[in-house]
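Engineer: Now for the letters of each chain:
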Amino acid sequence: MSSEKNLNLKLNVWRQKNAQSEGGFETYEAPGISTEMSFLEMLDVVNEDLITKGADPIAFDHDCREGICGACSMVIDGRPHGPKERTTACQLHMRSFNDGDTIAIEPWRAAAFPVQRDLIVDRAAFDRIIAAGGFISAPTGSAQDANSLPVSKQNADLAMDAAACIGCGACVAACPNASAMLFVSAKVSQLALLPQGQPERYIRVRDMVAQMDAEEFGTCTNHGECEAACPKGISVENIARMNRDYLKASLTYRPEATGGGAG
Amino acid sequence: MELKSNIPEGPLEKKWEKYRNDMKLVNPANKRKYKIIVVGSGLAGASAAASMAELGYEVDCFCYQDSPRRAHSIAAQGGINAAKNYHNDGDSVFRLFYDTVKGGDFRAREANVHRLAEVSVNIIDQCVAQGVPFAREYGGLLDNRSFGGAQVSRTFYARGQTGQQLLLGAYQALERQIGLGKVKMHSRHDMQELILVDGVAKGIVTRDMVTGAIESHLAHAVCLATGGYAPVFYLSTNAMGCNTTAIWRAYKKGAAFANPCFTQIHPTCIPITGDHQSKLTLMSESLRNDGRIWVPKKPGDKRPPNDIPEDERDYYLERKYPSFGNLAPRDIASRAAKEACDNGLGVGETGLGVYLDFADSIKRLGMHAIEEKYGNLFEMYERITDENPYKTPMRIYPAAHYTMGGLWVDYNLMSTIPGLFVMGEANFSDHGANRLGASALMQGLADGYFVAPYTVGNYLAGVKPSEHPTTAHAAVQAAEATVKARIEKLLAIKGKRTPTHFHRELGKIMWEHCGMARNEESLKKALELIPKLREEFWSDLLIPGAGDELNQSLEHAARVGDFFELAELMCLDALERRESCGGHFREESQTPDGEAQRDDANFCHVAAWEYQGEGKTPVRHIEPLVFENVHLATRSYK
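Heads up: the sequence lines are chains A and B, in that order.
Taken in order, the first sequence gives residues 1 to 263; the numbers are from the numbering used here.
Taken in order, the second sequence gives residues 1001 to 1638; the numbers are from the numbering used here.
No lab work stands behind these hints, which were simulated from the structure alone.
Every residue, glycine too, gets a C-beta built ideally from N, C-alpha and C.
Careful: at least some of the hints might be erroneous.
Partial list, derived from the structure: chain A residues whose beta carbon lies under 10 Å from chain B [as the list claims (entries may be wrong)]: (1) N12; (2) I51; (3) A124; (4) S137; (5) A156; (6) G167; (7) L191.
Simulated restraints on C-beta separations [to be verified]: (8) A:I203 to B:P1322: 53 to 61 Å; (9) A:R109 to B:Y1315: 48 to 56 Å; (10) A:P195 to B:E1372: 23 to 31 Å; (11) A:G100 to B:E1521: 45 to 53 Å; (12) B:T1482 to A:T27: 39 to 47 Å; (13) A:T102 to B:T1482: 40 to 48 Å; (14) B:G1594 to A:F25: 56 to 64 Å; (15) A:I203 to B:K1014: 36 to 44 Å; (16) A:K248 to B:G1139: 26 to 34 Å; (17) A:D157 to B:A1481: 50 to 58 Å; (18) B:N1376 to A:A210: 28 to 36 Å.
Straight-line C-alpha distance at most 27 Å; calculated DSSO-like pairs for lysine-lysine [what the hints assert, rightly or not]: (19) A:K84 to B:K1253; (20) B:K1638 to A:K53; (21) B:K1616 to B:K1253; (22) B:K1638 to B:K1297; (23) A:K53 to B:K1494.
One chain only, chain B, in its complex shape:
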C-alpha cells in the first residue's frame, strides 16, 4: 500500500488555489449523469450532499436517524472557529492554521490544515446567508468569543446551540435539494457494506431499519461522513447510535485506518452515577472561562465544598499552568483531573469528579452576568444532578468525546480505495493528536461545503458516466450475501447476554486500559481481554426478534461487533506509538514534571493500518509528516 498525500506543489498559502486552478472539471451538461452516494447527514454529510446536488450531480444520501436533522453534529454546543479577525485582535488565516497544528501536537498535515483555515471564513459567510442566527452585537454585527485555549476571539456561536443551528442550515439546504429532486434521502438506513468493483468504490449495501430489507445502492463515487467512534468506550458524549460500522467496513475492504488511538477525552462532563448510565453529558468548555477547577488538598475530604476553606483547596490547573490556568487545552485538563482522582482527591459519591466553581465569578460579575452567559447550561446541570450550580460548585469529570483518528485520506479527501471519499470526523482529520474547541464544526463544514465538491468533481472528471455496475454484478451480489450472512449469524447465536452487556464490558476495558493514559502493560492486557470478550460475544449473544422487522437490539449488536474489532486496532496503534502526543498519553513517555513527551525523531508520522484478513495482524504503514512552515515546538501552556 502506498500512502500518497497528493499535496499540490508550491508555497503553503498557494496550494489550494493552485489545486483549484489545475483540477479537472465535469461538463455542466454531464453532471446529472453522475451519481454520488453520501453516507451520513451531519455537518459534513448534509453540506456535501446539498453542495454537490447544487452543482448538478445526482445524490443519494443515507442516515440511520429518522430524519437527517438529527445527526449528532446537532449536539455541539460551543461554537465554530473562523479567521475573520472581526475583532481586530490580530487573528489571521496563518494564526488559525498555526494554532490548529500546535494544538494537534504537530501530528497533522500542514497543507490540509492551512486549507481548513483558508475556507473557515467562507463557512461563516455561507451559514449567515442561510439564516443561521449567530449571536450579534447591538450594532447588528456578529459577536465572537474566545474559546478552548485560543488567545484571539475567533469563535462564532449561536447561544449554547451552535451545532444545532449550523446543522439545521445544512439540513435545510439539503431538504431544498430533496424538494427539487436532486437528492434522494434514505432515512433509517444503516450502511452495512461497501461495494467495490475492480478495487474501486461503486456503492453500498444498506439495511432498511423499519422493514429489515437489505438493499444495494450504486454510484460513481461514495462519500462517508459517518462521524467518529467514541462509543467504543460505551460511555461517551456521543449519541447512542453513533458507530464505526461504515468506516470499519471500508477498512476491511482495503481503506487504511489512520491513527485510531487518537481519541479526545473532554474534561468537562457530568460524572457517572451508576451502572445504569447510558451516556455522558458534556458541559460546554466555555464554562472554563469563568469557572475555577479545584479539588480538596486532603484525600478523602468529605466536607461539603463550601465548607472547605480556601487554603485547603488545590486549584491545580492554575497552580500547574499559570499562564493558561483553567483554560488549558482539553487533553491537559482531562489528564490533570484523572491524576487528582487517582491520588484520592476526587469528589462526589464515586470519587470520580472535580469541582468547577463559579463562586468567584458570581462575586466579581454578579449572578445576572453568569446567568446570561451560562443559564441554559446551569439549568441542564441542575436537571441532571439535582444540584444548583449557582450555590454549590459543579462536579465534572472527563469523558470520551471525539476521535481524531479515522480513515486515512489524501489531500483530495480520498481514501486508499479509489472513489471512496471520507469527510468530517470520519477521516483522520486535520486535528492531529488533539482537536481544539470549536474546530470540529469548522472541519465538518469545510470538508462538505468547500473541499469535497471540488475534489469529488476532480475525480469524477476521470470517470466515464457509463462506468457504473448494475445490481446483477457479481461483486454487488457478493456484498449483499455477506451482509445477510452476518445478520443471520448474529441472530442465530441465541445465547444469554444482551448487546448492551457486551458493549458496557468492552467500554470498561477500553476506558481502563486505553483511555486517558496508556502504557505497554495496560495495552497488552487489553489485547488479551478484548479477543476473549469478543469470543463470548459471538457465542453467548442474545438478540430477540427477527431480521426482517424493526429490531433495535439487532442494530446495536451489529455495531458492537464492529466496535470489538476496532478496539483491538486502537490498542495496537496505541502500543506501537511509543510517544505521548495530544490525546495519546503513554506513561512511559513523559517529562520529569509529568507532561507529554513527544518523540519527533521516531514518530513524526501518520500511522495508517492496512487490513490483512480475519485473524491476521494488520500492517502498519507510515506517512511522514513534514513541517516546512511551523517550527516543531514543545507544546507549553505553563
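Bound conformation, chain A alone:
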C-alpha cells in the first residue's frame, strides 16, 4: 500500500495490432499517477498522452467501471484483475501500488479467447455456451404467479451466490488449463438449485458441457485458481455440483423419441 499521493510507474503492456499480427511487450512511463485513480483511469491518462504524441492508445475493454458488467479483462502482474482479491480491474485503485513499481499488463490468455487488439479478447465462446443451454425455457407470457412456487431461502441464497458471476473470464485466464468450468458450473448450479430449473436440469448440463468442450476450453484439474481470481468470489463448490449433475446426466441419457404430429 502506498502512502504517497502521486506515483511514478513503469508499464510493460502487451501490444498487438489485430488477431492476425504478432504481439509483444512495450514499455511506457506513467509519471504523477494519483493514488485516487482507478487502474483504468491510470490507463486513460497514459492513453491521452499516447494520442497527443500521435501514437495508438492501448486498447482495452471496459464499460460500467463499477465492477458489474464484466467487460474489463486484463492480467496485471500475472493475476487476472490484479493484486486485490474480489476486485475487478476497474475497481482496483492505484493506492494498491507503490512509487517506482513496474507493472506488467497482458490480455486474458486462452485459445478460446483470441486477442482482437492489445488487451481486448473475443469472449463470444461464453455466449455460445449460454445459448447451448444456460437458460430456463419460459417464453414470455407463460409464467404462473411468482409466489406459487416457494423456494427455500437457503437455496435462493445459494442460487444468488452462483448467479453473481459477471462473465468476465478471469477464471479461464487464471486456470493453467484455461478451463471454463467455474463459469459454466455457476450457471448450471444457479438453475439446478431452483425448482423452475428442474425440467431441463440434466439436458442443460449435458448441452453446456458439450459446448464448452467444443469451444476448446481445457479440463478442470482442481487447481482452484479460478476461485482465487474470481472478482465475485464464485465458489468451486459449483464445479462439484455440476460434476454430480453431469455424471447423473451421462448415466441416464436416453436419445429423444421422435413422435408424430397431432391430428
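Following the hints, put chain B in place on chain A, whose structure we already have.
Structural biologist: Same frame as chain A, but now just chain B:
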C-alpha cells in the same frame, strides 16, 4: 408534424385490454417472413428481441458491447417495482400508477403509466419463471422492500444486483433464441444511421467495431432500445460507452425528441476526486433508509465528522421535509445537497460532498444488521475511497444518472417515423419529469416483454412481407455514404486535442449551466459556449489510427460529436420550459421557500422537437397532457 398519441378510448383501466382486443394480428405462418431490428440488448432490447423471436419473427439484435450481457442495465442495484401487494399493505395497480404520475411531477401520459403499472405484476412472474434469484423470506416466498419514497413495500430485489439478475434473465432468453436461430446477434456493432425508405424506417447502418466495416441491415421494423444520454455531462453513473448516437440519428431523420431537458441527478454517488475522474459510482438509494444526511452548520468546518457535536450538525432533509426526511425523492434530495454545498457547507477536500451517516442506525440495529443489509455497498465504498463507512460517515454528492427525455413515442411506442419503435430509457418514457427509484427496470421490461411484442405486431399486420428494400436501394446507398463521409471527416481533422478532452469540457458546461438548477442566463450562456466548443472540436480533434480497424478513439469521437448537438437541444428545451418540474429546476420558478413551482397553465405538456436541418433552429411541438384520473396536485414531501 402531428403528435397523435393514439391512446385507446374508454376508461383508464380498460384501455390496454381494449387495445389488445382490437389490435391486428399477424398470421402465425407469416411471422417468419418479417424481420425486426432491435438495437440495444439491455432490459428493453434483450426482452423485446427474445419475446418477438418467440412469437416467430426473425430478429436481428445489435449491441456495442462484446456480449449482450454487458448492457448497462446490468449496473442497476436497488430493485424493481411491481403492484403485487404481497405484503398486504394496501398496494394496487392504481396506487403504483398514481405514485409514478405524481413522482414524475405530472408530466407523463396517464394511459401509458397505467399500462406500465398493470403489466408490472406480469414482469415479476416472468422473471421468476426464468430463474431470477430474487430475495426470499424464510417461508420461501418473495421478499419486498420499500424504496425511493414509496410508502408501500413493492420493490423486489436480488441483493444489490437486481439489474444484473433481471438482465441475465432476459439475456438468457435472448441466447436461447440465438441458439434456436431465431435471433441473429451482432455484438460490437455501433449503429451509425437510420435508413428510411419513403419516410418509413426500414433498417440501420452499422460499423463493425473490430474490422471497421460499414454494413447495412434491413428489416420491416426497427426498434431502438439504446438507453439514455446522461454521459452528455461527461461524468455520470452510466457506463463509458452509453451514448445518444442511435436516437440522435433518428432525430435527425425526423423522429421528434421529447423533453430532452428532463434529466435525473441521483443524490447518492461517491464524490469526484480530480480531473482524472472518468465516471461516478452510485451508492444505492436504499442506503437512505438507514443513513442520515447532514452537513456542518458552520461553513468551512474542517473538523473530522465524528468530532462535530450533534448540535453543530444540520440534518437538512429531516429539517426541511419532516414527513419524508432522508427518503425525499431524488430530485429534491439532490437539489438540497447542491444548495448546502453552494452555501459553503460541503465536506471533503473539494467541498462538493455531504455526509451520509450510519452511526445512529448502527447504535439502534447493531453492526451486524447494517452489514447484512448494505455490506456489499459499504465494501464498494471503502474500495473506492479508502474510508470505512462503519466508522466514519460516507461522503456523497449528486451525479447525472438517468434521462427521462428521449424520442417521442405514441401509445404503440412508435416514434413520429412510421416503423421506428423506441423502448426503455431511449423513449421519453413514463416517468414524466422525474423517475422514482426501482421504476427504470420496470419500464424497460414492460416495454420489451409486454408492450412492444403486441404493438410491433399490430404495425406489421399492416405491412406486406414484400415491402422490404434491397441493399441496392438508393436510400440505403445514401445512408451508407453519409456514415463513411462522417468517419472520414472525423479522421481527417488531425488536430491536437483528444475526444476525451472535448467530452470533459462539454460536460463541464452542461453540469454548470444545465445541471441541477438552471436559469435563463445560464442556459443562454451555455448556448453560446457549446457551439464555440463544437467548432473547436471539428477543427482541432485528434484521432489516431484509421477507420478500418478496432479504434476506440474513433468510436468515442463519433459519440462526442452527437453529444455536442444534443447538448444544445437540451439547453434550448430547458430554456423554453419556463417552469420547474421534477428534475428540471428553473431558478426563476420557485416557491418562497425554494421548492419547485410548476406552471400547469402554460406547461402541462410534452415538448417534442422536430429537426429542421443543419444550423437551423428546431421546431417545438406540443402534446398537451390531460389528467382525467388524478388531480394535478403540488408535490409535497414535507
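Engineer: Confirm or reject each hint.
Structural biologist: Hint by hint, here is what the structure shows:
1. Taking 10 Å as the C-beta cut-off, the interface hint given for N12 of chain A is violated, the closest approach to chain B being about 21 Å.
2. Here the hint on I51 of chain A is kept, as its CB sits about 5 Å from the closest CB of chain B, short of 10 Å.
3. The restraint placing A124 of chain A at the interface with chain B holds, with a minimum CB-CB distance near 7 Å, inside the 10 Å limit.
4. Hint status for S137 of chain A relative to chain B: holds, with the closest Cβ pair at about 7 Å, below 10 Å.
5. Checking A156 of chain A against chain B: minimum C-beta separation of about 4 Å stays under 10 Å; hint holds.
6. Checking G167 of chain A against chain B by beta carbon gives a least distance of about 6 Å; that is within 10 Å, so the hint holds.
7. Interface hint at L191 of chain A: satisfied, since its Cβ lies 5 Å from the closest Cβ of chain B, which is below the 10 Å cut-off.
8. The hinted window of 53 to 61 Å between I203 of chain A and P1322 of chain B holds, with their beta carbons roughly 58 Å apart.
9. In this structure the hint that R109 of chain A and Y1315 of chain B lie 48 to 56 Å apart at CB holds, the actual value being about 53 Å.
10. For the pair P195 of chain A and E1372 of chain B, the supplied restraint of 23 to 31 Å holds, since their beta-carbon distance comes to about 25 Å.
11. A hinted range of 45 to 53 Å holds for the C-beta pair G100 of chain A and E1521 of chain B, which are about 50 Å apart.
12. Remark: the range hint 39 to 47 Å for T1482 of chain B to T27 of chain A is upheld by a beta-carbon distance near 42 Å.
13. The hinted range of 40 to 48 Å is satisfied by T102 of chain A and T1482 of chain B, whose Cβ atoms lie roughly 47 Å apart.
14. Under the hint 56 to 64 Å, the C-beta atoms of G1594 of chain B and F25 of chain A, about 58 Å apart, fit the expected range.
15. Checking the proposed 36 to 44 Å range against I203 of chain A and K1014 of chain B shows it holds: the Cβ atoms sit about 43 Å from each other.
16. For the pair K248 of chain A and G1139 of chain B, the supplied restraint of 26 to 34 Å holds, since their beta-carbon distance comes to about 30 Å.
17. Under the hint 50 to 58 Å, the C-beta atoms of D157 of chain A and A1481 of chain B, about 56 Å apart, fit the expected range.
18. Roughly 35 Å separates the CB atoms of N1376 of chain B and A210 of chain A, a value that falls within the hinted 28 to 36 Å.
19. Restraint check for K84 of chain A and K1253 of chain B: the C-alpha separation of about 48 Å exceeds 27 Å, so the hint is violated.
20. Distance hint between K1638 of chain B and K53 of chain A is unfulfilled; the C-alpha atoms sit about 56 Å from each other, more than 27 Å.
21. Taking the CA atoms of K1616 of chain B and K1253 of chain B, the gap is near 14 Å; set against the 27 Å cutoff, the hint holds.
22. Pair hint K1638 of chain B plus K1297 of chain B holds up; C-alpha atoms about 21 Å apart against a cutoff of 27 Å.
23. With a C-alpha separation of about 12 Å, the suggested pairing of K53 of chain A with K1494 of chain B holds against the 27 Å cut-off.
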